[in-house]
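A.B. asks: Listed below are the residues making up each chain.
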Amino acid sequence: MTSPLPFRPVACVCVLASLALPAILHAQSVCLPAPRLLTTMPMGGQAGTELEVTITGQSLEGTEQLIFSNPSISATPKLKDDGTVVVNQFLVRIAADCAPGVYDARIMAGLGISSARAFSVSNVPEVTQTQPSTSLDTALEIAVGSIVNATLVDRSVNFYAFDAKQGQRIIVDCVAKGIDSKMNPVLVVADASGSDLIVERRGGIIDFTAPAEGRYVVKVHDLTFKGGPYYFFRLALTEAAEDAIPSRLPTTQSVTSFSWPPPGLDQIPAAEETQLTSDDDDAIGISLPCDISGSFYPAADVDTYQFAAKKGETWWVEIASERLGHPTDPSVVVQRVVEGGDVVDVAELADVPSPVKRSSNGYSYDGPPYNAGSSDAMGKFEVPQDGTYRIRVTDLFGGTRNDPTNRYRMIVRKATPDFALVGWALHMGLRNGDRNALSKPIALRGGAVMPLEIVVVRRDGFDGEIDLFMENLPEGVTATGLKIAAGATRGIMLVSAADNAPRGLQMASLFGRASIDGQDVVRHCSWASMKWPVTNAKSEIPDPRLVDQIPVSVGGIEQAGLSIEPAEDKVWQVTAGEKLTIPLRLIRRGEFSGKTMSLRTFGAGFDRNAALELSLTEDQSEAVLDLARLKPSPGEYTIAFYGGAVAKYAYGDAKPKDIVDIYVSKPISIHVVPAEATK
Amino acid sequence: MTNVSTHERIHRWLLPSCMMFGLCIIHPATPCDADTPRDDISFVNDVVPVLTKAGCNAGVCHAKAGGGQNGFELSLLGFEPLEDYQHLVHEGRGRRLFPLDPARSLLLAKAAGEVPHGGGVRIEKGSPNYNTLLRWIQAGSPYRSDDDPELVSIRVEPPAGTLQPGESLTLRSIATFSDGSTRDVTATSLFESNDSAMATVSESGHVTAMDSPGKVSVMVRHQDRVAVYNASIPLGQPVDTLPTPNNIIDELVFANLEQLGIPPSDLCDDATFLRRVSLDIGGRVPTEREAQAFAADDSPDKRAKAVERLLRSPDYADYFANKWTALLKNRRDDASDITSNFAFHAWVRDNLLAGTPYDQLVRELLAATGTVIANPPVAWYKRVKEPKQQIEDVAQLFLGVRLQCAQCHHHPFERWSQTDYYSLAAFFSRIGRKPTDTAGEDLIFHQRGTAQAVNMKTGENVPPAALGDSVGEIPADEDPRLRLADWMASPSNPFFAKSLVNRYWKHFFRRGLIEPEDDIRDTNPPTNPELLTALEQHFVESGFDLRSLIRVITTSKAYQLSAIPNDHNLVDSQNYSRYYPKRLQAEVMLDAIDQVAGTQTSFANLPIGTRAVALPDNSYNKASPFLRVFGRPEATSVCECERVQSGSLAQSLHLMNAGDIKSKLAAGGGRINRLVGEKTSADEKVTELYFAAFSRTPSDAELATALQYLNEPRIDANGKPLDATKAERENLQDLTWALLNTKEFLFNH
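In order, the protein sequence lines correspond to chains A and B.
Each position in the first sequence, counted from 1, maps to that position plus 1 in the numbering used here.
Each position in the second sequence, counted from 1, maps to that position plus 231 in the numbering used here.
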């Protein structure tokens with residue numbers, strides 16, 4: 002194992018580096034190396050057992066620890082007989098009281114903390130497949146009531162055999178996407194000759210009742226028959242009583258789910274659709290406020306709730322189904338019942354919008370590759386006159402589906418202003434047509450500033466500003482929140498490592514603070530990351546998820562190639578309408594291609610600042626902010642400059658190569674004073 | 232493709248009509264005058280039919296898109312008489328008519344060839360139709376009088392009858408008008424036989440039966456009304472014995488044969504039946520083990536059991552999924568289509584395997600919402616994006632109705648108007664789309680709102696209506712496609728079940744009861760209407776169970792008739808008195824060759840061993856000359872005719888010389904190499920090859936010939952004798968090659 006080398010000087014090729022660099026630079030790599038844990042084998046284990054886990058990944062040199070987001074899971078490196086470490090193998094102990102679920106595994110490597118990989122804990126015996134079973138003859142015997150951890154072979158089908166008694170009900174479940182696999186699982190239950198009996202391709206279970214005693218076969222493959230180490234899965238065969246409702250293997254959570262539930266919501270809904278009483282015309286009578294659980298079942302189901310309301314009332318409605326993990330698109334329409342039983346529309350609620358425009362599937366990014374919105378609906382309605390009203394709930398995806406597990410929960414409440422935050426490491430196009438979507442752990446190099454993008458879903462009319470802050474950072478690391486302005490939906494958090502920050506790791510927390518109705522409200526920010534280092538989103542669809550923790554590390558063995566900081570550490574004062582010139586100091590620790598880089602500006606009030614050209618060959622430069630054009634209101638601001646530049650970087654003993662990455666200045670504080678104040 | 236076909240029919244119809252037009256003059260017995268004397272003359276009722284009969288408003292003449300020939304525009308077949316009137320009377324600076332001297336009108340001068348006319352002489356000067364036009368101009372070119380009656384219907388006389396081969400009959404076309412009057416409009420009616428191999432018809436309505444027995448129809452058209460003359464042409468042979476009917480199919484097929492006097496062939500033997508039904512249901516030849524077990528089985532119901540086994544097998548699902556996915560345009564245009572194409576194909580296949588009722592399958596397709604991964608039928612909306620294309624595909628594929636013409640004009644052979652067309656399009660007007668991460672792939676949702684479509688002709692919004700049937704008011708919250716699916720699945724729907732049973736009948740019998748199978752209309756009646764009705768009823772009563780339909784077809788004695796004709800029924804091509812042999816489809820043939828050769832063809836992104844009939848989309852055609860040469864479709868059309876089943880020189884050459892065939896015969900792990908290494912006798916090796924290729928044992932003569940060939944010494948390129956093993960290998964390869972090139976192998980018979 003070799004330690005990575007820091008930046009080292011190499012010959013400079015002068016090519017302009019900018020946010021949209023020319024296509025001739027396509028030989029460059031994108032983003033400096035970062036540790037990434039890509040696979041663990043097995044992908045989980047039974048609580049109360051110890052197992053050997055083999056890992057693979059990127060930039061894992063110098064691996065010290067395998068860390069889990071649940072303290073009941075611990076790992077130590079596997080040792081050979083002579084006491085030396087077996088590379089990339091660990092002995093993992095899962096405490097007997099560890100709750101079944103999916104947790105995050107990460108590696109603390111030489112460059113710092115890695116990206117996360119799902120690690121599952123169950124309460125049934127588990128098997129790790131070691132030999133391929135790609136034919137009926139080589140089918141792996143599995144016991145009902147166990148879980149198999151396995152991978153697929155390219156262009157192949159995995160075969161598993163089990164015995165069942167006549168009438169025995171067996172639930173066949175397979176989790177893949179939900180534990181970070183690239184696989185779209187297909188499950189088949191076949192007879193002993195391999196002849197297909199039941200097939201499931203939409204990620205569901207097979208609820209199989211054996212027609213006769215005998216041997217049966219489960220076939221598993223990817224929808225397009227892909228295979229390899231990244232196409233892993235956990236297959237569970239569980240016996241179920243005749244009337245039991247099957248439970249699924251646990252999975253990670255989608256990014257869209259961060260905005261659910263609203264703070265303070267009871268875990269159990271107050272009412273269940275089927276237990277409420279129907280009024281006339283099949284409308285279910287309710288009174289407001291309400292908290293109801295229901296299902297989009299059967300196909301084309303329409304649930305109608307009827308209630309009385311008074312003129313002038315304003316009610317907020319929020320429905321969750323997609324955010325509960327269902328493939329649904331809830332629609333909520335509020336209607337007033339008029340004479341004769343007819344209805345007229347009062348309001349049609351919209352989807353939960355993505356706080357920032359999500360990137361389209363075009364040539365290059367036009368937004369982040371994360372969707373923080375949801376097809377769930379949220380909004381308000383105002384009661385125009387006293388009377389009887391109805392809320393109609395339907396699933397716009399549900400016209401033909403008969404799946405009782407597609408459930409929803411609907412809340413109708415008086416305005417309860419609040420907000421929910423989620424963040425991720427900033428993604429942006431780094432060269433012409435770039436659509437990289439790499440998983441980005443917060444593994445800092447000395448002197449580096451890493452930008453995190455934080456977005457907010459606002460509830461019930463809350464539109465105040467939100468301050469962002471982090472806690473529990475490693476030594477030598479600071480975090481500066483560039484607040485989410487009033488009415489805005491996006492902010493930036495800058496995580497900076499001092500030049501000489503020591504190696505360290507902390508599980509940090511990120512928060513937003515706002516004043517709501519005179520109360521100081523602090524909300525935890527959820528964290529999201531790409532599951533895989535997708536180098537080109539045109540050929541592989543980026544697949545992000547929420548992760549359990551926000552680990553922040555400093556590797557301590559490399560420094561950032563470039564630091565940009567104001568010449569003076571002070572609050573820069575400027576009069577509204579005038580220009581502010583900020584001298585900048587550049588600290589280059591390596592060579593860069595190109596003489597200049599183009600800098601844009603982070604920070605509410607200043608983010609529309611025109612791009613600045615920054616010399617990459619001079620130690621000093623300056624940034625000019627034209628407040629006459631930007632027109633920020635008088636007050637306190639924090640901004641930073643950012644852009645892409647092409648560094649000459651050598652990792653370990655490898656030949657240096659051009660790598661384009663994001664570089665961000667240290668945060669800069671500005672005080673804008675009113676023009677009148679200076680007269 | 233369908234449009235072209237339809238228009239070709241129009242042109243084929245109209246051009247000879249122009250050429251034959253003089254018949255009215257030289258054949259005074261032909262009734263050209265009205266039954267009811269009339270003093271007035273009408274553009275609509277008199278002039279337009281003359282123009283139509285003369286072919287003036289054919290698609291290649293003045294009804295040509297883009298303003299008509301040389302700027303004189305008429306509506307196709309006179310469907311828009313008011314527009315035609317404007318064009319003729321008021322446009323062209325009024326030079327087309329010359330009221331001061333009507334005979335010098337450009338209309339007449341051109342039609343009669345008195346001045347140069349690109350279309351030649353269309354109306355003889357002095358003919359009744361010429362005189363009609365002249366009289367109309369002389370009368371001041373009226374559009375129509377206030378009391379001018381509307382054409383209500385036409386009838387043909389006689390409406391039906393029996394024609395002996397060679398016998399002729401002249402049809403009369405009688406129009407009935409809204410005032411109750413009738414008129415003989417034969418001279419201005421158009422006639423077309425639906426099968427000119429069975430009966431021809433002249434422009435004057437003179438029908439002549441040919442030698443082919445069966446049912447034939449002649450469509451008669453006047454203005455926008457049609458009538459049909461149905462003729463039965465008997466063979467007239469004694470039908471002494473008929474198989475004991477097994478089900479309703481047999482009763483109705485054999486009754487028809489009796490009526491026509493066509494003695495059926497004998498029932499086929501067991502080996503032929505097993506091979507036939509395995510190919511037709513499972514898209515594969517039987518394995519040797521299956522063939523031998525079937526031959527050894529003495530049970531009386533073994534044929535029914537074989538049908539059941541095949542219907543329950545994944546082979547059935549694979550084979551019919553292959554059929555449906557091509558028709559549903561599961562086409563790969565971009566590498567990123569792979570996921571949606573695999574998902575869609577699998578969805579069809581899995582539902583067939585699960586026995587999902589046909590109406591449910593269509594419902595899930597029509598009203599698909601969500602993403603492709605979560606709900607694969609959404610992929611259909613990726614392939615078929617435009618509402619017009621959606622309704623045209625749906626109508627043709629699931630209803631057997633070709634609506635394409637009605638987008639721009641009244642359907643020439645049917646009752647469908649533009650209102651019908653856009654009313655159907657309205658069902659698809661509330662489809663919402665949102666882009667996904669895959670370029671070109673949207674998620675589909677029901678967009679709340681009032682369903683309607685703009686009639687491009689009138690500019691008016693039309694609500695959803697299903698081919699003239701009201702489906703009631705559809706509230707904004709309801710996905711209108713579900714209402715369309717409800718209408719389709721109604722037991723009384725006149726198209727849905729009929730279309731499917733006719734399509735499946737054709738799958739098994741090579742010829743549909745209605746041909747083409749997706750052109751169901753009043754003017755194209757079935758050859759055995761009672762049978763079609765019975766099948767339709769069976770299908771509806773079974774709950775749209777596709778397996779049940781296949782079961783009743785394949786267990787019928789009619790299906791089990793031998794392909795070998797008797798002394799009389801060779802001329803029969805539509806009454807199912809014998810099994811009509813079918814060339815194996817491209818994929819089936821490739822699989823069959825692999826099965827005989829003991830090899831496997833490797834297909835990209837699929838496990839080794841995947842059969843060609845299980846290929847999810849058309850992309851494999853590119854890499855497989857075999858599949859291309861033998862006509863595997865590219866999934867661009869809802870018409871089964873896209874699959875090329877005709878023979879070609881390229882096919883023969885491919886089977887004889889292509890490298891892929893040779894390499895299969897020589898494959899190291901293949902059957903022949905195994906046989907060479909086995910110590911079984913030559914008899915047994917030949918027998919195995921015959922079972923593999925034909926599902927039967929060789930006859931004594933065949934065995935003797937084969938053994939003689941296998942025992943022939945072989946020499947190498949230098950003329951030296953090959954060693955025994957090499958010689959046996961080459962001889963076995965040659966023998967297998969010969970078997971693969973026989974019609975018995977290449978056809979389902």
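Rather than coming from a laboratory, the hints here were simulated on the basis of the structure.
Hints may be right or wrong, so weigh each one.
Unchecked claim - Calculated cross-link-like contacts (lysine to any residue; reagent style SDA-like; alpha-carbon spacing at most 20 Å):
1) Lys616(B) with Arg563(B)
2) Lys220(A) with Gly840(B)
3) Lys665(B) with Glu349(A)
4) Lys539(A) with Thr667(B)
Said to hold, decoys possible - With beta-carbon atoms standing in for the labels, derived distance ranges:
5) Asp500(B) with Ser194(A): 24 to 32 Å
6) Pro465(B) with Leu137(A): 51 to 59 Å
7) Gly680(B) with Gln268(A): 56 to 64 Å
8) Val685(B) with Leu137(A): 53 to 61 Å
9) Thr973(B) with Ser194(A): 36 to 44 Å
10) Glu383(A) with Gly680(B): 16 to 24 Å
On a predicted model such as this, the values are computed, not experimentally measured, just so you know.
Just so it is clear, CB atoms sit at the ideal spot from N, CA and C, and this is done for glycine as well.
A.B. asks: Run every hint past the structure and note whether it holds.
C.D. replies: Hints, verified against the model:
1. Of the pairs offered as hints, the one joining Lys616(B) and Arg563(B) holds, with about 15 Å between alpha carbons and a cut-off of 20 Å not exceeded.
2. Simply put, Lys220(A) and Gly840(B) have alpha-carbon atoms about 15 Å apart, close enough for the 20 Å limit, and the pair holds.
3. For the hint pairing Lys665(B) with Glu349(A), the CA-to-CA distance comes to about 18 Å; that is within 20 Å, so the pair holds.
4. About 12 Å separates the Cα atoms of Lys539(A) and Thr667(B), which keeps this hinted pair within 20 Å; it holds.
5. Take Asp500(B) and Ser194(A): their Cβ atoms lie about 28 Å apart, and the range 24 to 32 Å holds.
6. Taking the beta carbon of each, Pro465(B) and Leu137(A) are about 56 Å apart, inside 51 to 59 Å as hinted.
7. A hinted range of 56 to 64 Å for the beta carbons of Gly680(B) and Gln268(A) is inconsistent with their spacing of about 37 Å.
8. Distance hint check: the CB atoms of Val685(B) and Leu137(A) are about 57 Å apart, consistent with the given range 53 to 61 Å.
9. Between Thr973(B) and Ser194(A) the C-beta distance comes to about 31 Å, which lies outside the given range of 36 to 44 Å.
10. Range check, Glu383(A) to Gly680(B): Cβ separation about 22 Å, and the 16 to 24 Å hint holds.
The earlier numbered hints that this structure contradicts are 7, 9.
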